[in-house]
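A.B. asks: The chain contents come next:
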Amino acid sequence: MSDRTAMLHGDTVYRVHWQPGTDVLTGVCHCGAAHDFEDPVELWEWLLAHPEGHHPEQPAAFEPLPPALGSPEARGNGGRA
Amino acid sequence: MFVRDQWYVAAYGYEVGRDLLSRTILGEPLVLYRTEDGEPVALADRCVHRRYPLSQSHLDGDTVVCGYHGFTYDRTGACVAVPGQRRVPRTARVASYPVVEQDSFVWVWIGERERADESLIPRAPWLADPAYTTVSGMEPLAARYELLVDNLMDLSHETYLHGGYIGTPEVAETPITTEVDDKNGVVHVSRHMADAACPPFYARSTGIEGRITRWQDIEYHPPCLYLLHSRVAPAGVLPNADGSDPDGFHVEVVYAITPETEHSTLDFWAVARDFALDDQGVSDFLRESNRTVVLQDVTALNILERVIATEPEGYQELSINIDTGGLAARRILKRMSDVRS
Numbered sequence: 001m002s003d004r005t006a007m008l009h010g011d012t013v014y015r016v017h018w019q020p021g022t023d024v025l026t027g028v029c030h031c032g033a034a035h036d037f038e039d040p041v042e043l044w045e046w047l048l049a050h051p052e053g054h055h056p057e058q059p060a061a062f063e064p065l066p067p068a069l070g071s072p073e074a075r076g077n078g079g080r081a
Numbered sequence: 001m002f003v004r005d006q007w008y009v010a011a012y013g014y015e016v017g018r019d020l021l022s023r024t025i026l027g028e029p030l031v032l033y034r035t036e037d038g039e040p041v042a043l044a045d046r047c048v049h050r051r052y053p054l055s056q057s058h059l060d061g062d063t064v065v066c067g068y069h070g071f072t073y074d075r076t077g078a079c080v081a082v083p084g085q086r087r088v089p090r091t092a093r094v095a096s097y098p099v100v101e102q103d104s105f106v107w108v109w110i111g112e113r114e115r116a117d118e119s120l121i122p123r124a125p126w127l128a129d130p131a132y133t134t135v136s137g138m139e140p141l142a143a144r145y146e147l148l149v150d151n152l153m154d155l156s157h158e159t160y161l162h163g164g165y166i167g168t169p170e171v172a173e174t175p176i177t178t179e180v181d182d183k184n185g186v187v188h189v190s191r192h193m194a195d196a197a198c199p200p201f202y203a204r205s206t207g208i209e210g211r212i213t214r215w216q217d218i219e220y221h222p223p224c225l226y227l228l229h230s231r232v233a234p235a236g237v238l239p240n241a242d243g244s245d246p247d248g249f250h251v252e253v254v255y256a257i258t259p260e261t262e263h264s265t266l267d268f269w270a271v272a273r274d275f276a277l278d279d280q281g282v283s284d285f286l287r288e289s290n291r292t293v294v295l296q297d298v299t300a301l302n303i304l305e306r307v308i309a310t311e312p313e314g315y316q317e318l319s320i321n322i323d324t325g326g327l328a329a330r331r332i333l334k335r336m337s338d339v340r341s
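First to last, the protein sequences are chains D and X.
In this text, residue positions in the first sequence follow the UniProt record's numbering: the first is 1, and each later residue adds one.
In this text, residue positions in the second sequence follow the UniProt record's numbering: the first is 1, and each later residue adds one.
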């Protein structure tokens, strides 16, 4: 579950992926910048410092998560009205 | 750290009736009841006269008659009668709270009345959906609500605190993905286990024998509503490409986290399922199992509260990967409380 999948969408979404088989957390900012950490506190400090220290090389490519649980697509009755 | 100007769950709809119900939210004592035409009402639970709790009083039609001297209040909190005199002082009024009944909960707005917007109430539609069967309850927690948020945002504790019920080794071993929608203030934490042991909670309720594919997708709407979208299926069985999922078992675990005081919390919990809808045995089992799990958390968090309350400020905690979602939730709560302070 740590491949780069995306559940939330929007221009203010931060994502953190725990790389499978490692202790590495990859933080991905909404600007596209990404950075690896082994400490979630440092990771959030970096993410929330946007745009300071953020150098988006290219927008991160995300695979859509197969039907997000609770999403309208998956449930047909809506997670949020 | 209270967050005001928010909707909080005060009660389940079935708790609010023609008896007066006392609840404290964010330190504010409330009395709840239902009018004769079925509308829920929330008033300040203190008579304006000598502060006697109105919850210790009685209803006369849709008015509350104070059990001490008979000051009588209508559903808006206005005093309509006082004993021994015709003139009711103009200031004789108790606060009334905006109330919305939705998704089986009675929500109350705590904050500036004019800022109450019903559209801001997060949804838990499964709880009132005939396509689901729900069991629910509420346990009082003698701990600050932030400890319950920490607890629910990191489910790796299931392996250690809830072994034999919902915990298996794979929960703590499986990495998570965390997402934060900063603008809308929502935190998602996902843990998808491809091949895991089936804990008794799911084995007995679904009838699945053998290993399972188990997904846990948390959706936290700070401060009050926490949703855990849980999917279990025989190992390797996935939803169809079009999103339909006839071979999956879905459980929507809902918590309403309502701060009562700085050091106590109302822990509302509900478990909605889309299978074995009419099986009372499954309902009884899930109710008892989930209540046991909640009480295991209550015991642990009450211990933790006592530890924290007696230690000096400034203890340096250590956070690791499993805490990524909890840290995000804390940050959003802090921001929400700072807006008001």
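It should be emphasised that the hints constitute simulated quantities derived from the structure, not laboratory data.
Careful: at least some of the hints might be erroneous.
Unchecked claim - Straight-line distance between alpha carbons at most 20 Å, and here's what the computed EDC-like set of lysine to aspartate or glutamate pairs gives:
#, chain 1, residue 1, chain 2, residue 2
1, X, Lys334, X, Glu139
2, X, Lys334, D, Glu45
3, X, Lys334, X, Glu317
4, X, Lys183, D, Asp11
5, X, Lys183, D, Glu38
6, X, Lys183, X, Glu317
7, X, Lys183, D, Glu45
8, X, Lys183, X, Asp338
9, X, Lys334, D, Glu42
10, X, Lys334, X, Glu305
11, X, Lys334, X, Asp37
To be verified - Residues of chain X placed beyond 12 Å of chain D at every Cβ, according to the derived structure:
#, residue
12, Tyr14
13, His157
14, Thr174
Claimed, not checked - Covered stretches of chain X (in silico footprint by chain D; criterion: 3 or more residues with CB under 8 Å from a CB of chain D, positions within the stretch not fixed):
#, stretch
15, 36-50
16, 200-207
17, 298-306
In this text the structure is predicted, and so the values were computed from the model without any measurement.
Think of the CB as a built atom: it goes at the ideal place given N, C-alpha and C, for glycine as much as any other residue.
A.B. asks: Next step is simple, just say for each hint if it's right about the structure.
C.D. replies: Do the hints match the structure? See the list:
{"no.": "1", "hint": "Lys334/X to Glu139/X", "result": "25 Å, violated"}
{"no.": "2", "hint": "Lys334/X to Glu45/D", "result": "15 Å, holds"}
{"no.": "3", "hint": "Lys334/X to Glu317/X", "result": "17 Å, holds"}
{"no.": "4", "hint": "Lys183/X to Asp11/D", "result": "9 Å, holds"}
{"no.": "5", "hint": "Lys183/X to Glu38/D", "result": "26 Å, violated"}
{"no.": "6", "hint": "Lys183/X to Glu317/X", "result": "28 Å, violated"}
{"no.": "7", "hint": "Lys183/X to Glu45/D", "result": "17 Å, holds"}
{"no.": "8", "hint": "Lys183/X to Asp338/X", "result": "16 Å, holds"}
{"no.": "9", "hint": "Lys334/X to Glu42/D", "result": "18 Å, holds"}
{"no.": "10", "hint": "Lys334/X to Glu305/X", "result": "19 Å, holds"}
{"no.": "11", "hint": "Lys334/X to Asp37/X", "result": "40 Å, violated"}
{"no.": "12", "hint": "Tyr14", "result": "22 Å, holds"}
{"no.": "13", "hint": "His157", "result": "16 Å, holds"}
{"no.": "14", "hint": "Thr174", "result": "7 Å, violated"}
{"no.": "15", "hint": "36-50", "result": "violated (count 0)"}
{"no.": "16", "hint": "200-207", "result": "violated (count 0)"}
{"no.": "17", "hint": "298-306", "result": "violated (count 0)"}
Checked against the numbered hints listed earlier, the structure breaks hints 1, 5, 6, 11, 14, 15, 16 and 17; every other hint is satisfied.
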